[in-house]
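Visitor: Chain by chain, the residues run as shown.
Protein chains: 2
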Amino acid sequence: MERPAYVAVDWGTSSFRLWLMGAEGGVLGERRSDEGMTTAARTGFAEVLQAHLTALAAPEGLPVIVCGMAGARQGWFEAGYIDTPAPLKTILTAAVAVPGQPRDVRILPGLAQRLADAPDVMRGEETQLLGALEGQASGEHVVCMPGTHSKWVHVADGVVTGFSTFMTGELFDVISKHSILAHAVAGAADMPADDNAFAAAIQAAYRQPALATNLIFGARAGQLLHGLTAAGAQARISGTLIGAEIAGGLAEAGSGATITLVASGRLRALYERAFDRLALTYRTIDADAAVRRGLSAAARAIWPDNERRSA
Amino acid sequence: MERPAYVAVDWGTSSFRLWLMGAEGGVLGERRSDEGMTTAARTGFAEVLQAHLTALAAPEGLPVIVCGMAGARQGWFEAGYIDTPAPLKTILTAAVAVPGQPRDVRILPGLAQRLADAPDVMRGEETQLLGALEGQASGEHVVCMPGTHSKWVHVADGVVTGFSTFMTGELFDVISKHSILAHAVAGAADMPADDNAFAAAIQAAYRQPALATNLIFGARAGQLLHGLTAAGAQARISGTLIGAEIAGGLAEAGSGATITLVASGRLRALYERAFDRLALTYRTIDADAAVRRGLSAAARAIWPDNERRSA
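Those protein sequences? They're chains A and B, same order as listed. If you want the numbering used here, it's the 1-based position in the first sequence plus 1014. If you want the numbering used here, it's the 1-based position in the second sequence plus 1014.
In isolation and in its complexed conformation, chain A is listed as follows:
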């Protein structure tokens, strides 16, 4: 049995994921919950963490490495930002220690792009990126990390040169719940099931992103005029937002770039379908594995003794 060496935590706005990692890099245990920053800010970050560690019978004193919104100002303990252009490996050693904890808990910083006309921030994706590009110190990469706030990142020879956040997931959510289109999508399942409507919207929005909110309104007009189903309306909204995001994400690199897609599950399926439909070149890296690799790289950098003991 592999000895537990450290705990890796991806602590987002609305989700919490924890892995008990072995000295040889194996995953000894895993916990997932919806106790993200928003919930933990009320119930207590230390308490949420301890409950999951107890559930896994994690040894006392085992160090914990954390990335994500737990390091925001309104999170557990502020971990600051590293400014772009930023060599990815600078993240590894810039973690801050959370004071007053019974064990060594470190939170990794986010990235900040301090441009007057294009300010942007990320927290958590920098660690995913670190893991996704591990072992690829050179070359140019256009990385797409879809989500509530999708990130498109440009990396050149291990340096993050710039990035852009698109509010795709959150807009899909607020439009589906709070706009007039809530009626049009009522009753649709979670996954856009109407392939044709999704593909048509992807192509229309990618070609003419200026028409995005018009295409989205078509979900309602299509329902009124030709009986568009709830699944069709949902696919149209999702496809439009994703198509416009891809057009924006590739605005600089162009449609000839090879995209590194870092995604899992439903989002992976959606974005792969979109890239296929647009005949774009991409390779996919699993987002869960990427963030775990990034956290592990940081753990090795911060606690090298842990590694040596295991060797």
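Derived from the structure by calculation, the hints contain no laboratory data. Some hints here could point you the wrong way.
[What the hints assert, rightly or not] Pair ranges (Cβ atoms, derived): (1) Glu1092(B) / His1192(A): 25 to 33 Å; (2) Thr1295(B) / Ala1293(A): 37 to 45 Å; (3) Ala1065(B) / Arg1046(A): 53 to 61 Å.
[What the hints assert, rightly or not] For the chain B half of the interface with chain A, some residues (derived, Cβ under 10 Å), not all of them: (4) Val1041; (5) Glu1044; (6) Asp1131; (7) Trp1166; (8) Ile1189; (9) Leu1195; (10) Gln1222; (11) Pro1223; (12) Asn1228; (13) Ala1261; (14) Gly1263; (15) Leu1264.
Note that the Cβ used here is the ideal one computed from N, Cα and C, for glycine as well.
Given the coordinates of chain A, assemble chain B onto it according to the supplied hints.
Guide: Just chain B now, kept in the frame of chain A:
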């Protein structure tokens, strides 16, 4: 004193406006309230109308001409659609009578664009359009009617050849209230007060509409990184949505077209500022006056006796 000839009503989703019109075209009385379709569907359309007529001491039996969402399926009485391409004047004689009323109440139809890839609908704006272009039977017009659901309409020689709805106003509303940006705009006044932020967002989104949701996220990043104010964040969101709408609205006609802006009040000021900033050519027609003129044209067509009596 001018004799009351008919009542004109613009009955939208969230607003109700009524004018008591004289036989010589004068406005003898006006009522405004928030008893739009949504409210009236609960409290009763006939009751809302009668209360306002009573408040103005409108004579019994005075006919009423209505445009807007009162004619939707979920409104008072369904008034159907006229399909594009549609000669504007066909609206005049296509009103339906609401059955069982103590007076003659007619509701004007909407317009429907039954294209498989670009379905669209309007209700109320067709009447505004009729009034805005009154006396201009010939020529090509690109008409912008900003609002909750902005409409951009192409009219050639009196025929509506096509139109596009942009969800600008509603998206501004749901983003400001229900997304993470609610924090960024909290406390801002109603009118975007930050001219520079508004102008910068208008230009950025008009130039690169694919970046719209990225530019909007900049309201949050700007607040985190360089203390963007609530007014600045609000102006950035508003400017981005309007800039992208204008790019979409002009996609077909091009930036050389002369835009006919049909707007009043706050929206008029915002769109004029945007057009000025983008150095676009436009002329403005007051939206309130336009819808009243459109309703009056319909009243004259439906009740010619009323006119003749007044002559």
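Visitor: Of the numbered hints stated previously, which ones are contradicted by the structure, given in increasing order?
Guide: 4, 5
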